[in-house]
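*Asks:* Each chain, letter by letter, is given below.
2 protein chains.
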Amino acid sequence: MTVRAAGKTSADADPLALARAIADADRRAASALNLVPSENRVSPLASLPLASDFYNRYFFNTDGDPLFWEFRGGEDIAHIEALGAAALRRMAMARYCNLRPISGMSAMILTVAALSKPGSTVVSVDQDSGGHYATPALLGRLGRRSRLLTCKDGAVDESELADVLAPGGVDLVYVDVQNCVRVPDFRLMSDVIRNVSPGTRLYVDASHYLGLVLGGLVDNPLDCGADAYGGSTHKSFPGPHKGVIFTNAEDVDESLRSAQFDLVSSHHFAETLALSLAALEVEDRIGDYARATNDNARRLAGALAEAGFRVCGDTGTGYTDTHQVWVELAGTDEAYALSNRLAEAGIRVNLQSSMPGMSGVHLRLGSNEVTFEGAGPQAIEELAGALVQARERALGPHTVSEIRGRFGAPFYTDPEKLKVEAGL
Amino acid sequence: MTVRAAGKTSADADPLALARAIADADRRAASALNLVPSENRVSPLASLPLASDFYNRYFFNTDGDPLFWEFRGGEDIAHIEALGAAALRRMAMARYCNLRPISGMSAMILTVAALSKPGSTVVSVDQDSGGHYATPALLGRLGRRSRLLTCKDGAVDESELADVLAPGGVDLVYVDVQNCVRVPDFRLMSDVIRNVSPGTRLYVDASHYLGLVLGGLVDNPLDCGADAYGGSTHKSFPGPHKGVIFTNAEDVDESLRSAQFDLVSSHHFAETLALSLAALEVEDRIGDYARATNDNARRLAGALAEAGFRVCGDTGTGYTDTHQVWVELAGTDEAYALSNRLAEAGIRVNLQSSMPGMSGVHLRLGSNEVTFEGAGPQAIEELAGALVQARERALGPHTVSEIRGRFGAPFYTDPEKLKVEAGL
Chain A
309 MTVRAAGKTS
319 ADADPLALAR
329 AIADADRRAA
339 SALNLVPSEN
349 RVSPLASLPL
359 ASDFYNRYFF
369 NTDGDPLFWE
379 FRGGEDIAHI
389 EALGAAALRR
399 MAMARYCNLR
409 PISGMSAMIL
419 TVAALSKPGS
429 TVVSVDQDSG
439 GHYATPALLG
449 RLGRRSRLLT
459 CKDGAVDESE
469 LADVLAPGGV
479 DLVYVDVQNC
489 VRVPDFRLMS
499 DVIRNVSPGT
509 RLYVDASHYL
519 GLVLGGLVDN
529 PLDCGADAYG
539 GSTHKSFPGP
549 HKGVIFTNAE
559 DVDESLRSAQ
569 FDLVSSHHFA
579 ETLALSLAAL
589 EVEDRIGDYA
599 RATNDNARRL
609 AGALAEAGFR
619 VCGDTGTGYT
629 DTHQVWVELA
639 GTDEAYALSN
649 RLAEAGIRVN
659 LQSSMPGMSG
669 VHLRLGSNEV
679 TFEGAGPQAI
689 EELAGALVQA
699 RERALGPHTV
709 SEIRGRFGAP
719 FYTDPEKLKV
729 EAGL
Chain B
309 MTVRAAGKTS
319 ADADPLALAR
329 AIADADRRAA
339 SALNLVPSEN
349 RVSPLASLPL
359 ASDFYNRYFF
369 NTDGDPLFWE
379 FRGGEDIAHI
389 EALGAAALRR
399 MAMARYCNLR
409 PISGMSAMIL
419 TVAALSKPGS
429 TVVSVDQDSG
439 GHYATPALLG
449 RLGRRSRLLT
459 CKDGAVDESE
469 LADVLAPGGV
479 DLVYVDVQNC
489 VRVPDFRLMS
499 DVIRNVSPGT
509 RLYVDASHYL
519 GLVLGGLVDN
529 PLDCGADAYG
539 GSTHKSFPGP
549 HKGVIFTNAE
559 DVDESLRSAQ
569 FDLVSSHHFA
579 ETLALSLAAL
589 EVEDRIGDYA
599 RATNDNARRL
609 AGALAEAGFR
619 VCGDTGTGYT
629 DTHQVWVELA
639 GTDEAYALSN
649 RLAEAGIRVN
659 LQSSMPGMSG
669 VHLRLGSNEV
679 TFEGAGPQAI
689 EELAGALVQA
699 RERALGPHTV
709 SEIRGRFGAP
719 FYTDPEKLKV
729 EAGL
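Chains A and B, in that order, are what the protein sequence lines are.
Heads up: the first sequence begins at 309 in our numbering, then just goes up one per residue.
Heads up: the second sequence begins at 309 in our numbering, then just goes up one per residue.
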C-alpha cells in the first residue's frame, strides 16, 4: 500500500491504514480553530455516550416502565434522557420538549408532517432572505404547496405576509431563516397571522440561533406567539447532531408525538444521551455562553472591518445580533488563497456564495465554537489579526497555539476532572 | 446528590455523576450478549470516527475538489467515503450506492420521495405479514396513498398484487418486510409488476437482512428485477446507524441524489466514515459472516425447539432463512420472568407482540451480533442452554463468561492490533 503526500492512501484500501489516517487527522483537529457557524464541538463529557455501547442500541422506554423492556440494556440510565429533556425545557422555557428528531432536517420533516396536511400551503422564507435552501423542494416532495416570503434584515413585509395568508389554505408558516445577522421579528409575523388567518400555525426553525434563544439573547419564539420552535442542536447550541422541538401547547405536542411515531424509529440513543449531558452541563451558564458568543462575533466583525475587510453591517448596529459574521471578498482567487492559508495553519473558515445581500464568494464566520472553547476578547483580536495576515501571506507555525494560549476556561467540564470523577 | 441503588441519580442531576453511570453501564454492556435482531455491535475499528472530531463536522466534498472546500478539515480523509462506497457497491453488486441517508427511516423517506409522486399510490406489506409498522402512516403523511399486500411466509399472492396494480396510479411497490424468517420472493413480485404495470418501480427495504444479501445468502433484489434496494446498516450488516440505497439504473440513482439534496443536509460524517470502515473491514468475509449468522440462527432455533420451546418453523425447513428466530411464550408473566433472568446474567433478548402468525408476547431473537463477535456451534448450544435454564431459575454469575469462552475469532479486527497499527 502506498501512502501519498497528505496522508492519503491508494485505492487498494487497508482499513487499518485508513483508521490511522483518521486518528492522525483527528489529532490535528483537536487543536484546530473552527469558525464555521453551523458547527460546534461536542464537549468531552457529552461525547462520552458516542463511543459507548449505547451507540448500538434501541431505546424506547423513556418512562422506565418495568413492563416495557422490549429492548434491554438501558435500565440503569433510562432516567438520563428525561433529565436532559427537563434541562432543555427549562432553558427553552417550554412545557414540552420533543427530542426524537435525529437531525435538523429530521425535525423539519417531522414538523411539516405534524403541523400541515398534504395539499395545504406552507409558507417559508426565500433563500435570498436567508431561508434554508431545501425547504421549498422538501415541501413539494411531501405534497405541500410552497409559498415564499422575503425577509430583509429580519423584517418581514406585513402586507406581503397578509397577502399570502388571505386566500386561505395555509396550514403553517415555517420560519426557516438560517443565515442571519438579524433574527426575524417573530411577534410581527404572529400578529399578522392572528389577524388574517388565526388557524395557521407559526413554527420557528431556530437551528442556527438555538443556543442564543436558550441563553436568552434572542427573543423566545413562544413568548412572541409562535406555536413551536426547534431545530438542530449542534450550531450555536453546543450539542450533538440531533434535533429538538419545543412547544407550550398540548395539542401541538401530541401532533408532534404522533408524527414522530410514524417518521422516526430509533432516535439514536447515544446522541440523545449526549444531548442530555450537553444540556445539563451547559444549563447553568447558557446565558453567559450566549452573550459571550455574540460579544465575540461583534468584536471579530469590528476588528476585521477596521483592518479593511468588507464586513456586513456597521458599528452602529454592532454588525451582528447572532454568532454569524459575514465578510465579502474580492473574488474566488482571494477567497481560496485566504481559506487555504488559514487551513494550513489550523484555522478553518466557511466559504459561501449565498448570504443575503452578499455577492461573489464570501466568508460566513461563526464565533460559537471558539467561544465554547474559552475564547475571550484577546483571543478574538488575535484571531482577527491572523485573518488579516492570511490575506497577504502564510501564518507562522505557532499562530494557533498562541491564540489558544489566550483562551480562558471553556464552557465545558475539564477533561481531566471528567476522567477522575466519572471513573474513566 | 443522592445515588440510588441501581446507579440512578436523583432528579437534582450532576452531569459528572450521570457520566459515571453511563461509563459503568457501558462496562457491563461490553460483556453482555445481545440477541436482538435489529441491533449489532459496531467494531472497534469502525467506531473510531464516532469519538473523533469528525463527529462535529459537515462534509460535502466527496470528490476532493480543490475548489469545493466550503467546510474544511476533511481534506486528508475525503477519499475514505469513496472507498467505503466502492466496497459497499462490490458487496451489493450494484453500480450505484447512495450512502447519504442518516438512518433506515431516512432511507425510507428518501426512497418514497424519489420514486413516487405526491398523490400516487405506494404499495407496501401489511404489518401482520411482517411489514414495517410505520410505512402506511408515513405514506399518508407524505401525501401518498397507501395500499397493503399480504405476504405469507415470503409468498405474495400474485393475483392480489395484480389487482392492486391494475387500476393504475401505483408509482412504487415498497417491500418493507422487516420481521421474517422467510425472505419475500422478489422475482415473483417483479414479474407481476412487469406484466401488469411496467411503469411501477420495485424497491426492497432489506434493512433486516441487508448483511445476508451482501453476503450472498439471500437473493440480491437487483438480480430479481428490483429497481433498487437498501435500508439501515446496523442489523444483519455490522455497521453504524445509517442508511444506504443501491441501484444499477442511472435514472434511479439521479432521482435518489436529487431527493437526497432536498431531504438530507449533513449525512453525519463520522457515521459515514464508520460505515466505510465497517464495509472495508468485513468485505473479505461477508459471505462467511452471512452463512455463520444463518447457521447459528438455525442451530439456536433447533436447540430451543428440542428443549420444548415453541419455535416458529420446523426442522424440515431449518426454521429460518435469516438471522431471526421467533419463540412463542406462554404469557406475559413467563416472558418477563425469562427476559429479566437473562438480563440479570447479561443476556439481552427482544420481547415483541407482533410477529406474523405469532400470538401473545414472544421472543424475536437474532444471531447476528453474537456471530459477529465470534459465536460458533458450541457457544450457540450453551446460549440455548442458558435460555432453557432461565425459564425455571436464575443463571449462574459466570454464565456469560463461560459462553464467551467458547467464542472463536470475531469478524472484526482485534482491538489490540488496531491500537498498535493505527497508532492509537
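Among the clues, some could well be false.
The list cannot tell twin chains apart, which means a pair is met if one copy fits it or any two copies do.
Capping the alpha-carbon separation at 20 Å, the derived lysine to aspartate or glutamate pairs in EDC-like fashion look like this [stated by the list, open to error]:
#1 Lys-725 to Asp-332
#2 Lys-460 to Glu-378
#3 Lys-425 to Glu-710
#4 Lys-425 to Asp-527
#5 Lys-425 to Asp-371
#6 Lys-425 to Asp-461
#7 Lys-425 to Asp-559
#8 Lys-727 to Asp-322
#9 Lys-425 to Glu-591
#10 Lys-727 to Glu-710
#11 Lys-460 to Asp-559
#12 Lys-725 to Asp-322
#13 Lys-460 to Asp-499
#14 Lys-727 to Asp-332
#15 Lys-727 to Glu-690
#16 Lys-425 to Asp-641
Keep in mind the hints are simulated off the structure, nothing from the lab.
*Asks:* All hints, please: hold or fail.
*Replies:* Cross-check of the supplied hints:
no. : hint               : verdict
1   : Lys-725 to Asp-332 : between (25 Å within a copy, 17 Å between copies)
2   : Lys-460 to Glu-378 : neither (51 Å within a copy, 25 Å between copies)
3   : Lys-425 to Glu-710 : neither (55 Å within a copy, 56 Å between copies)
4   : Lys-425 to Asp-527 : neither (29 Å within a copy, 39 Å between copies)
5   : Lys-425 to Asp-371 : neither (31 Å within a copy, 39 Å between copies)
6   : Lys-425 to Asp-461 : neither (31 Å within a copy, 36 Å between copies)
7   : Lys-425 to Asp-559 : within (15 Å within a copy, 30 Å between copies)
8   : Lys-727 to Asp-322 : between (33 Å within a copy, 15 Å between copies)
9   : Lys-425 to Glu-591 : neither (36 Å within a copy, 44 Å between copies)
10  : Lys-727 to Glu-710 : neither (27 Å within a copy, 31 Å between copies)
11  : Lys-460 to Asp-559 : neither (33 Å within a copy, 39 Å between copies)
12  : Lys-725 to Asp-322 : between (37 Å within a copy, 13 Å between copies)
13  : Lys-460 to Asp-499 : within (18 Å within a copy, 56 Å between copies)
14  : Lys-727 to Asp-332 : between (23 Å within a copy, 13 Å between copies)
15  : Lys-727 to Glu-690 : neither (32 Å within a copy, 38 Å between copies)
16  : Lys-425 to Asp-641 : neither (47 Å within a copy, 42 Å between copies)
Checked against the numbered hints given earlier, this structure breaks hints 2, 3, 4, 5, 6, 9, 10, 11, 15 and 16; the rest are met.
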